[in-house]
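Chains A and B, in that order, are what the protein sequence lines are. Quick note on numbering: the first sequence equals residues 1 to 150 in my numbering. Quick note on numbering: the second sequence equals residues 1001 to 1770 in my numbering.
What the hints contain is simulated information worked out from the structure, not anything from laboratory work. Among these hints, one or two may not hold up.
Covered by chain A, per the in silico footprint, the following chain B stretches (three or more residues, Cβ under 8 angstroms) [unchecked claim]: (1) 1210 to 1221; (2) 1666 to 1680; (3) 1708 to 1722.
Quick look at which bits of chain B chain A covers, simulated, 3 or more residues with Cβ under 8 angstroms [said to hold, decoys possible]: (4) 1232 to 1242; (5) 1290 to 1297; (6) 1366 to 1376; (7) 1444 to 1456.
For the chain B half of the interface with chain A, some residues (derived, Cβ under 7 angstroms), not all of them [as the list claims (entries may be wrong)]: (8) M1083; (9) G1084; (10) T1224; (11) T1225; (12) G1226; (13) A1228; (14) P1266; (15) G1418; (16) G1419; (17) N1703; (18) F1704; (19) N1705.
Using N, Cα and C, we set each Cβ at its ideal position, and we do this for glycine too.
One-letter residues, chain by chain:
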Amino acid sequence: MITLRVNGQVQAYDGDPSLPLLWYLRDELGLTGSKFGCGEGLCGACTVHLAGNAVRSCAVSMADAAGHEVVTIEGLDPRGDHPVQRAWRAVNVPQCGFCQAGQIMQAAALLAKTPNPTEQQITEAMDGNICRCGCYQRIQTAVRAAATGV
Amino acid sequence: MSHIDNPSHIVENVSRRGVLKGVVASGAVILVARSLPAQAAGSLPKYTTGASAMPHGTVNDPHIFVAIDSAGLVTIVAARAEMGTGAARTSLPMILADEMEADWARVRIVQGEGNEVKYGNQDTDGSRSVRHWLWPMRECGAAMRMMLETAAAARWGVPVEEVEATNHEIVHHGSGRRLGYGAVAADAAKLATPARETLRFKDPAAFRYIGTGSIPAVDLFNITTGRAIYGQDVRLPGMKYAVIARPPVLNGKLVSFDATEAMKVPGVEKVMELKGWTWPAKFQPLGGIAVIARNTGAAIKGRDKLKIVWDDGEHASYNSDSYREAMKATAAKPGQVARNEGDIDAAMKGAAKVITAEYYLPHIAHATMEPLAATAVVTDAGAEIWSSVQSPGGTRDDVAKTLGLPVEKVVVNNMLLGGGFGRKSKCDYAQEAALLSKALGGTPVKVIWTREDDLQHDYLHTVAWQRIDAALDSNNKVIGWRHRSVAPSIWSTFIPDPKHLQPLETSMGLIDMPFDIANIRCETGEAAAHTRIGWFRSVINIPQGFAVQSFAAELAAATGKDQKEMLLELIGPPRIVDPRKSVKELWNYGEPFESYPIDTGRLARVLELAAEKAGWGRKLPEGHGLGIAVHRSFVSYIATVVEVAVNKDGSWSIPRVDTAIDCGFHVNPERITSQIEGAAVMALGIAKHGAITFKNGRVQQSNFNDYQVVRISEAPKVTNVYIVPAGIEVPPSGVGEPGVPPFAPALCNAIFNATGKRIRQLPIGNTIAI
Ligand code: FES
Ligand code: FES
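Model the full assembly from the supplied sequences, consistent with the hints where possible.
In structure tokens:
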């Protein structure tokens, strides 16, 4: 039996311990905000916070997640008003939106550790998150805006 | 399962209401409109579009698209697919809301199911949404507004001429009495829709939302909070998850399979064969072995453990390297003539100089951020699908046909699309889900495509070899132009392979070439398809436009001219170019040529605009270069200037892009800008990384490690977008696709100006050999 906390709630899991956390969140818990984009840690669509760090939930097994606190996009802010979320809306970042939960979780983790990142630090932190619609210019702007306050 | 809850859109618009009331307070603008003569700006358009030629045409009836409850909440149906352009769920409803004088803060959007008899054409493709629906949406809005006015006038017992709908209420001018939309909604809904000819339209000067770019995308809040529901996110009680092992080579057949190990994976419940169709089969599935499990992770792991023997068949001979050489050889010989003007052979013979260049672009994959997914429940009662498809109506038809059901028994619910780019026009994944649910006796089944499935079983963008020969006279004037285009045709997906590009394809950058040259010949060369060929954002404009616009810059270099000046010289004086006199068939993106001609004045204007805004000719740091290209596609005109920075080690980046677009009358400039920004990124990916290659009939790439797309560190630092202003009388044209074609040639033209190196084969890669 594996236990973990997801968005503040204790969850128990007794299935295959090698199951990627992403599928537990999406298919077992119904938290579909974290997206599947590649399954190989290459796109960042599945990014969640594990013990405060941004991780690719497709590349974290349930065994690895055991005992940890997981925060998904659904749990980032109770009203959806995290500074990063507000900045994303102020800048009209999304097009299709599919990558954006991962982008936002990545950016939130960056700002938690580095509240005033340089342009270079923003680019480096966001480089693992693909946006196929190509919203990068606005992502860069929005992370900057979230850091400086909107 | 529709996206009806939208707190954001209500919350966010409330803050705007104060501003809007300010506009209304100076309401003279609106009143003026009503005193204008009947033929003023507020009348029906004087042009026609190709909308009526689309299956099921358009619908302009508010009884279909609008509902108002007694509290005044206006519900507008979005019937087309929303994949990120904002057209379906924001721009079109916004047109309707504006025209009916609804307050956007009191509007909600619901997604319509696939039903073209009811909603008109829903095929969200070809950059058509605003082009075909600007007027039907205005007509809907105007009719609804007039019905509300009629209902209010009846309630008050006054002539309808004395009342006016404005910002969600109806005002009686004589008495100052007011009624909210909710108060008369039920009465208005009972009225017949006014005839189209009797509709009164707002003066464009009175638009509150159209043209302002001030309305955020309807799904913005839900996207940023993880609440937006895509095809991948659908969940039904008792649902099973399926992944499918498909034949790795087109038309490959299953010989045998062993599921023993797969069945041992915890969570795997069943392994079964899925029927496939022999090519060409439009959007019918490839077939294969399906693994059904309690979650997606288990299904994927189970599939990894399958042992399958395939009989690859004839397409196992498909190898990209040898295919490229074969296309090159084909392009060296005369092909089928697609356009012929003057005497090209005489021009070539009499030329002082002949310049030749050849270009190669590989297959590319759509790689929508959301891999394909569809959920189905199929019972004796009928079929219900939940998916994200570009053509919900077409999906309904195709699923009905494959299942042998009347269309009335098929319901297609459309979710948000995590990108489409043409891939989700093909509903093979929805059919797979339907077939599996049927085989499982009605169990809800969600079929998930992994990224590997997506790249290896795409309907790929074609692979293309292009050759252009130009004849120059002794004054360096271009007197002859011969362009040979060799590429497998999209039609191989629908009919026995014609092995030559068809008019729909040659019309996208080959035979519609707008240059002012006396002797022109365009030809196609034979090229058989060995994989499923589909359409990718802007289609074969990508390779054909790349060839034409790269070659124009090559002519500039050969004659010592500036790239922009060369283009202006080739484009010639402002005029309408009508290739119809010298081609068998011109496909004008489905539009009447009279409404959407090839206008070289507009082409030159966007070229000049982009050049001016980019500071064409400005002094640049060492290693930098500017390049320019201009292309008409989807009946829009777009020019792009790319600035490239090439380092001594050959690595390169893009500090700046300037793009000018003339898309006629435009509704949502903010979303147009985002489309053009995105097109630059996607086109950079095509130029830099994008290549799907085949070996022994199999796609060699598997995921984002070997099929790379652009990341933030390599994206253009800044893309500036300039939209040519246009009045309501100018027909709107495409936006989603036309940003792509001019980018790669502008980039390669910039690299030439920076380094002297001419790139004729894509992708470029991370470094340029200098
Ligand atoms: S789905 Fe996890 S990184 Fe792509
Ligand atoms: S918004 Fe579509 S992938 Fe990022």
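Outcome of the hint check:
Given a C-beta distance limit of less than 8 angstroms, the hint that chain A covers the region 1210 to 1221 of chain B holds, as 5 residues qualify and 3 suffice. Check result for the region 1666 to 1680 of chain B against chain A: holds, 7 residues qualifying (beta carbon to beta carbon below 8 angstroms, three or more required). Using a Cβ-Cβ cut-off of 8 angstroms, 10 residues of the region 1708 to 1722 of chain B lie near chain A, which meets the minimum of three, so the contact claim holds. Residues of the region 1232 to 1242 of chain B with a Cβ under 8 angstroms from some Cβ of chain A number 4, which satisfies the need for three, so the listed coverage holds.
Counting residues of the region 1290 to 1297 of chain B whose C-beta lies closer than 8 angstroms to any C-beta of chain A gives 4; at least three are required, and the coverage claim holds. Given as covered by chain A, the region 1366 to 1376 of chain B passes the check, having 5 residues with a CB less than 8 angstroms from a CB of that chain where 3 are the minimum. Counting residues of the region 1444 to 1456 of chain B whose beta-carbon sits less than 8 angstroms from any beta-carbon of chain A gives 3, enough to reach three: the coverage restraint holds. For B/M1083, the interface hint holds, since its Cβ comes within 7 angstroms of a Cβ in chain A; the closest pair sits about 6 angstroms apart.
Using the Cβ-Cβ criterion of 7 angstroms, the hint placing B/G1084 at the interface with chain A is satisfied: the shortest such distance is roughly 3 angstroms. Look at B/T1224: its Cβ gets to within about 5 angstroms of chain A, closer than 7 angstroms, so that hint holds up. The criterion of a C-beta within 7 angstroms of any C-beta in chain A is met by B/T1225, whose closest approach is roughly 4 angstroms, and the hint holds. Nearest Cβ of chain A to the Cβ of B/G1226: about 2 angstroms, under the 7 angstroms cut. The hint holds.
Restraint check, B/A1228 versus chain A: the minimum CB separation of about 6 angstroms is within 7 angstroms; hint holds. Checking B/P1266 against chain A: minimum C-beta separation of about 4 angstroms stays under 7 angstroms; hint holds. Proximity of B/G1418 to chain A holds as hinted, the smallest CB-CB distance being about 3 angstroms (cut-off 7 angstroms). With 7 angstroms as the threshold, the beta carbon of B/G1419 comes within range of chain A, its nearest partner Cβ sitting at about 5 angstroms, so the hint holds.
Look at B/N1703: its Cβ gets to within about 5 angstroms of chain A, closer than 7 angstroms, so that hint holds up. At its closest, the beta carbon of B/F1704 sits 4 angstroms from a beta carbon of chain A; the interface hint therefore holds under the 7 angstroms criterion. Here the hint on B/N1705 is kept, as its CB sits about 6 angstroms from the closest CB of chain A, short of 7 angstroms.
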